[in-house]
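Colleague: My request is simple: use the sequences and hints to build the entire structure.
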Amino acid sequence: MALEHALLVSLSERAGSGYELARRFDKSIGYFWSATHQQIYRVLKRMEDSGWVTAESVNQQGKPDKKVYSVARAGQAELARWLAEPTTSVPSRDELGVKIRGAAHGDIDAICAEVARHRAQHAQRLDEFQLSEKKFFPVPDQLSGTELHQYLVLRGGIRTESGYVEWCDEVLQALRPRKGEPSP
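Numbering of the sequence shown is given in my numbering, commencing with residue 1008 and proceeding in unit increments.
Treat the hints with caution; some may be incorrect.
Claimed, not checked - Below, simulated DSSO-like cross-link-like pairs (lysine-lysine); rule was C-alpha separation at most 27 Å, straight line: (1) 1070 / 1052; (2) 1034 / 1073; (3) 1052 / 1074; (4) 1052 / 1034; (5) 1106 / 1034; (6) 1073 / 1052; (7) 1034 / 1074.
Just so you know, the hints here were simulated from the structure itself, not pulled from any lab data. Treat the numbers as computed from the prediction; the structure is a model and nothing was measured.
Modeller: See below:
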């Protein structure tokens, strides 16, 4: 997936300025696809040049005008084409997994500290996802269309983060010596 496709999805849900898109990435899409504000602005320019998006200049009181982007017909066609093509992504490489695999050759306490750090990060993201679920989707069985699709992605994130936290707990339990036992 290219950043262009993530932006097309976001703009198909709601038109917005580069700044607004960057904020959306920080709060939602960014959990699955990261991009800096500079990357977003560069790609929006390229998409505008390609005819995938149009930009309307909007006057602002006491501020410079802003460009509000929306998806053009060519962008809708590209998004439809991309949505229909098979997904070719593979699970990302997991450096932590390699470290755990090599734990017998290093400092187990250091590996455990790293696993605990990862666990804390994933637990925090899980909490954020669960709060979003309660706040934005209080009645999930009544969802349809875009809201249902957003909910389903959020549920995937919840399951992924929950699984990662459980895995970290399992690793820590297995690697930390029990009282009276030698270190693994």
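Colleague: For the pair we were handed, residue 1070 and residue 1052, check the Cα-Cα distance against 27 Å.
Modeller: Distance of about 21 Å is within 27 Å: holds.
Colleague: Check whether the Cα positions of residue 1052 and residue 1074 lie no farther apart than 27 Å.
Modeller: holds, 11 Å
Colleague: Run the distance test for residue 1034 versus residue 1073: straight-line Cα separation, threshold 27 Å.
Modeller: holds, 21 Å
Colleague: Take a quick look at whether residue 1073 and residue 1052 sit within 27 Å of each other, Cα to Cα.
Modeller: Status holds; Cα separation ~13 Å.
Colleague: Starting from residue 1034, check that the Cα of residue 1074 is at most 27 Å away, please.
Modeller: holds, 21 Å
Colleague: For the pair supplied as a hint, residue 1052 and residue 1034, confirm whether the alpha-carbon distance does not exceed 27 Å.
Modeller: holds, 22 Å
Colleague: Below or equal to 27 Å on CA atoms is what counts here, so check residue 1106 against residue 1034.
Modeller: It is violated: about 30 Å lies between the C-alpha atoms, which goes past 27 Å.
The earlier numbered hint that this structure contradicts is number 5, and it is the only one.
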